[in-house]
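Enquirer: In case you want the letters, here they are:
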Amino acid sequence: MDEMTGFAALLPGKLLAETGPLPADLTELRVRAGRRIQLVRLSGEEFRGKAADAALAEETAQALAGHSLYAREEELKEGYFTVRGGCRVGVCGRFSAGGQARMLTHVGSVCVRIAREARGAADGVMRELFDRGRPVSALVVSPPGLGKTTLLRDIARQLSEGTGGRRGVKVGVADERGELAGCVLGRPSLDVGPRTDVMDGCPKRIGMELLVRGMSPDVIVTDELGHEGDREAVLDAMRSGVRVIASVHARDEEEALRRLGAELAGLFDRMIVLGDRIGQIKRVTGGIEDGYGGQSGRGVRHDGGERMGRTDAGGNAGKAGADPFGCAERSPAADD
Amino acid sequence: MIEMLEKRMPLMDALSVCGGAFLMVAREMEGGAPPGEAFEKAKESMRARGGILDSLEEGDMAALKRLFGGLGEGGLQAQRLVLNEAAEELERLTGQARAKREEHGRLYTSLGALTGLAAAMLLL
Chain A
2 MDEMTGFAAL LPGKLLAETG PLPADLTELR VRAGRRIQLV RLSGEEFRGK AADAALAEET
62 AQALAGHSLY AREEELKEGY FTVRGGCRVG VCGRFSAGGQ ARMLTHVGSV CVRIAREARG
122 AADGVMRELF DRGRPVSALV VSPPGLGKTT LLRDIARQLS EGTGGRRGVK VGVADERGEL
182 AGCVLGRPSL DVGPRTDVMD GCPKRIGMEL LVRGMSPDVI VTDELGHEGD REAVLDAMRS
242 GVRVIASVHA RDEEEALRRL GAELAGLFDR MIVLGDRIGQ IKRVTGGIED GYGGQSGRGV
302 RHDGGERMGR TDAGGNAGKA GADPFGCAER SPAADD
Chain B
20 MIEMLEKRMP LMDALSVCGG AFLMVAREME GGAPPGEAFE KAKESMRARG GILDSLEEGD
80 MAALKRLFGG LGEGGLQAQR LVLNEAAEEL ERLTGQARAK REEHGRLYTS LGALTGLAAA
140 MLLL
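Residue numbers (this note's numbering), protein chains in the order written: chain A, 2 to 337; chain B, 20 to 143.
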């Protein structure tokens, strides 16, 4: 079942009758009470059907939750829940007052972001995530909507499966928002690899700590750094010898540095900058010591304009050697 | 009730665990139908001669319709209310059926079906 088939099967028939067949390049579906249904596609946006009645947004949310919104109340306090296949359903409307115990009482609009499993999205960066055959820590830098999560998911999968002749490593995914692995009832519905353990829905700081303590990962993958406690979480993991691959909302390295602070940003060996269009890997830099945007040192290659999904032409098979990761030994110079 | 609400079980899973009429409604929900609609679809075969709800009376069916119409609607508090009301209603109907049996001195088959439904609800 592909993403679109799986996703459409969850939608109420009343909604599909308005939209007609959903396009294959759909990235978002928005239902607002009193408004026409908005489809956001890779190729642009369009409105379909007649204005949604007041019940359609609520019915859509109910149907996507498997008529079990009561089971999603904790998630809804964050404004969204995740459904099978990793699609994220944002819900707006009336929340009853009552501080932390607030509850959604009326649904006004629903936004479904369709998760895509772009196998091969990380092909263009996998070589950069190793130094002398061992994984390094890396930060994916991008504005919203350009493919950070998709890239992180494929990095997790490839590290876990093994890539470029290297054996797979143990990967822990701290999936606070449930988008990386698309877990449903604790089980990943997206492919994050055979050696991957997912801590779903718990705060990054706790998730990373529990992963380090309980699952002894070689690499932790997590998204959207920038919250209180993230620095300590990343630092603690790294002190335990775990590499961290994470993302941050920022246009470039400068903004990432401002958002995270030099101390946290400086912990990463690589920065992967995405943009200006979905899936484009703009450049990979060698981390804070390279002075951002630089291409020198630590085996870092500039990959301007590499498109996600392109096959890595590096041919980085190498010999397995005896390193603990079972990774092929590779000299930094070979990357350049 | 405890299982479904305390463990935040998805409705279809909770109904499937209960078996009987609840399982048949869960099966109808597999196509995406909301529980009320799924109950209406399943009702026909359940009400047919020899069906699982063959012996129920109109009042009993109305109580079940209200239950399935309310399941899955709203949050935890709303669900707790729906389940509590349904449990009370089934208890009341079971009491009525028991009284009828004693009054007429013969077995009312609806009593068995209602008792079964009430017992199954305890698993929700």
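Heads up, some of the hints might be wrong.
Taking lysine-lysine pairs in the DSBU-like style, the calculated list, with each CA pair at most 35 Å apart, reads [what the hints assert, rightly or not]: (1) A:Lys78 to A:Lys15; (2) A:Lys51 to B:Lys62; (3) A:Lys171 to B:Lys84; (4) A:Lys51 to A:Lys15; (5) A:Lys283 to B:Lys119; (6) B:Lys60 to A:Lys283; (7) A:Lys283 to A:Lys171; (8) B:Lys119 to B:Lys84; (9) B:Lys119 to B:Lys26; (10) A:Lys15 to B:Lys119; (11) A:Lys51 to B:Lys84; (12) A:Lys51 to B:Lys60; (13) A:Lys171 to B:Lys62; (14) B:Lys119 to B:Lys60; (15) B:Lys26 to A:Lys78; (16) B:Lys119 to A:Lys78; (17) B:Lys60 to B:Lys26; (18) A:Lys15 to B:Lys26; (19) B:Lys60 to B:Lys84; (20) B:Lys62 to B:Lys26; (21) A:Lys78 to A:Lys51.
Honestly, the hints are just simulated from the structure, not real lab data.
Enquirer: With reference to the structure, classify each hint as holding or not holding.
Expert: Hint-by-hint comparison with the structure:
| no. | hint | in the structure |
| --- | --- | --- |
| 1 | A:Lys78 to A:Lys15 | holds (27 Å) |
| 2 | A:Lys51 to B:Lys62 | holds (33 Å) |
| 3 | A:Lys171 to B:Lys84 | violated (51 Å) |
| 4 | A:Lys51 to A:Lys15 | holds (12 Å) |
| 5 | A:Lys283 to B:Lys119 | violated (79 Å) |
| 6 | B:Lys60 to A:Lys283 | violated (54 Å) |
| 7 | A:Lys283 to A:Lys171 | holds (28 Å) |
| 8 | B:Lys119 to B:Lys84 | holds (23 Å) |
| 9 | B:Lys119 to B:Lys26 | violated (38 Å) |
| 10 | A:Lys15 to B:Lys119 | violated (44 Å) |
| 11 | A:Lys51 to B:Lys84 | holds (31 Å) |
| 12 | A:Lys51 to B:Lys60 | holds (28 Å) |
| 13 | A:Lys171 to B:Lys62 | violated (51 Å) |
| 14 | B:Lys119 to B:Lys60 | holds (30 Å) |
| 15 | B:Lys26 to A:Lys78 | holds (17 Å) |
| 16 | B:Lys119 to A:Lys78 | violated (49 Å) |
| 17 | B:Lys60 to B:Lys26 | holds (28 Å) |
| 18 | A:Lys15 to B:Lys26 | holds (31 Å) |
| 19 | B:Lys60 to B:Lys84 | holds (11 Å) |
| 20 | B:Lys62 to B:Lys26 | holds (28 Å) |
| 21 | A:Lys78 to A:Lys51 | holds (30 Å) |
The structure does not agree with the numbered hints 3, 5, 6, 9, 10, 13 and 16 stated previously, though it agrees with the rest.
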